[in-house]
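Q: Residue numbers (my numbering), protein chains in the order written: chain A, 1 to 247; chain B, 1 to 285.
Think of the hints as simulated: they come from the structure by calculation, not from any bench. Values in this document were obtained by computation on a predicted structure and should not be read as measured data. Treat the hints with care, since some could be wrong.
Far from chain A by the CB rule (all over 12 Å, computed), these chain B residues [what the hints assert, rightly or not]: (1) Arg17; (2) Ala20; (3) Leu43; (4) Leu80; (5) Gln93; (6) Gly109; (7) Thr144; (8) Pro168; (9) Asp227.
Simulated restraints, written as ranges between beta carbons of each label pair [unchecked claim]: (10) Gly277(B) to Gly139(A): 16 to 24 Å; (11) Met114(A) to Leu268(B): 35 to 43 Å; (12) Leu272(B) to Ser138(A): 39 to 47 Å; (13) Arg107(A) to Arg275(B): 30 to 38 Å; (14) Gly72(A) to Arg280(B): 28 to 36 Å; (15) Leu87(B) to Gly139(A): 37 to 45 Å; (16) Thr91(B) to Arg71(A): 30 to 38 Å; (17) Thr110(A) to Thr225(B): 15 to 23 Å.
Even glycine gets a Cβ: it sits at the ideal position worked out from N, Cα and C.
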Amino acid sequence: MTCCPPIITLENVTVQFGPHKALQDVSGCFGAGTLTAVAGPNGAGKSTMLKLMAGIVRPSSGRVLIAPEVRGQIGYLPQISAVQRDYPLSVLQAASTGLWPEVGNDRALTDARMDRAARALVEVGLRGKEGRTIGQLSGGEFQRLLFARLMLQDPQVLLLDEPFAAIDAQTTHKLIGMLLDWHKKGKTIICVLHDLLLIRKYFPDSLLLAGKCLGSGHTHKLFEQNLLSFDLDMAELREPDEVHDHD
Amino acid sequence: MIDLLITPFADYAFMKRALAAAVILALGGTPLGVFMMLRRMTLVGDALSHAILPGIAAAFLVAGLSLWAMTIGGLVAAVLVAFAAALLVRTTQLKEDAAFTLLYLLSLGIGVTLVSIKSDGVNLLHLLFGNILAIDAPALWLVTGASCLSLFVIAALYRRLVIDGFDPDFLAVAGKGRGGAGWTNQLFFILLMINLVAAFQALGTLMALGLMILPALASRFWARTIDCMLPLAMGIAVFSAYAGLLLSYHLGAPSGPAIVLVAGGLALISALVGRLGSVRAYLMQ
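Model the full assembly from the supplied sequences, consistent with the hints where possible.
A: Dropping the structure here:
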């Protein structure tokens with residue numbers, strides 16, 4: 001994987017919840033401006049890894065190093081199921097929470113700021129739905145809302161946890177386009193994904209995880225080496241000592 | 001009609017003080033109740049309200065019906081139970097609700113036993129169900145102080161509390177450099193404890209949560225957004241306080257339970273005919 005200069009570095013990181021090790025001795029790095037997919041079977045520790053980099057979860061051992069220039073510049077898009085979708089907020093109010101890094105608890109959400117939130121909603125295709133409550137949105141619309149929030153937050157590093165799970169093809173296409181635009185602007189994007197088609201088509205770099213790091217590097221090389229494969233049974237991934245890092 | 005609705009409060013000082021205490025509790029506690037409901041903490045709040053009893057009972061054993069001794073005793077018990085629950089959740093397989101259930105039942109048992117050692121059933125009933133008609137000036141000041149503190153903290157941190165309830169992980173990440181989010185739960189526990197202890201004199205340990213939570217539940221069936229939910233819940237709470245005291249006066253019913261009955265009745269009616277997520281809305285789909 002291209003790590004020059006590294007924005008996020010994991011050094012022998014283990015994360016343990018009670019007796020269960022979600023991640024074991026994982027090392028690796030993510031370079032500035034890269035677009036990386038994190039793949040692996042269910043329970044592989046993909047979401048834990050994102051939360052680790054976001055600072056939501058702390059390592060039981062090892063270190064996570066965040067480059068000084070991106071500290072406070074990390075945006076995290078959770079799985080939809082982690083957000084309270086029945087919370088009594090309008091779509092515009094929910095989008096405007098993306099302005100939190102700018103306004104915090106004290107500064108006013110002025111008309112100009114709310115206009116920006118409204119424009120972000122238009123950009124993700126939610127024009128005319130600003131006044132609805134978030135509970136009235138479909139799964140795809142809700143994911144668009146979370147992208148609008150991320151757009152307002154405007155971080156340098158984006159960590160996305162299964163952003164295209166259970167949404168329609170049109171929405172996926174729209175949101176992938178936004179990701180690619182952000183990548184072109186130099187943002188670092190790390191995205192947990194299950195869909196190997198999407199990974200091969202859009203993500204230059206990949207990291208394969210199954211509790212341990214099974215491999216990382218250029219996506220096409222991982223496909224060539226059958227570490228990533230359409231025939232791959234994610235539940236029967238190879239042991240980590242059989243593979244090498246492909247930086 | 002005016003005689004029926006106003007005279008009890010105009011004629012009797014104890015009714016005036018009771019109304020003042022109930023309205024202040026309603027205004028201060030209900031916003032906290034709305035946020036607790038949205039954070040799915042209502043059961044934890046209920047458990048904590050029962051858990052303060054042993055502290056109050058121990059203070060009662062030592063110092064009798066002293067307001068300040070019982071306030072301090074209640075706060076100490078609440079803190080101990082919150083810490084014990086956190087310890088159980090962290091070190092055993094018990095989830096938060098189960099840990100609190102274990103501790104509150106234990107607390108209730110200990111509290112009732114302690115009070116029974118020294119006292120008759122009247123004092124036990126007083127501690128369990130309160131006596132808002134016996135509120136004196138110091139108790140009124142305590143209730144006022146607790147409510148003002150709650151309102152001030154919630155107003156000062158309103159945006160943070162809303163985001164933290166909606167998506168706590170977002171705040172944990174985006175809040176870095178702005179204080180993070182980790183302490184919001186602890187803040188809630190502290191505010192809840194202070195309000196419960198202040199309210200027990202009026203409504204008792206078993207009923208103290210009623211005026212916080214029931215109006216919040218009722219408002220959920222009418223208001224779409226939290227901006228509307230908060231004032232509506234406060235209005236329902238104030239009405240419940242007034243109507244409950246009035247009913248209690250005219251029917252000779254105990255005042256605390258009468259207030260909670262009105263608030264609970266309104267919540268139930270809202271669940272049946274409210275415009276959002278009610279039985280009526282379900283049938284009209």
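Q: Which of the stated hints cannot be reconciled with the structure, identified by number in ascending sequence?
A: As far as the earlier hints go, 5, 8, 9, 12 and 14 are violated by this structure, in ascending order.
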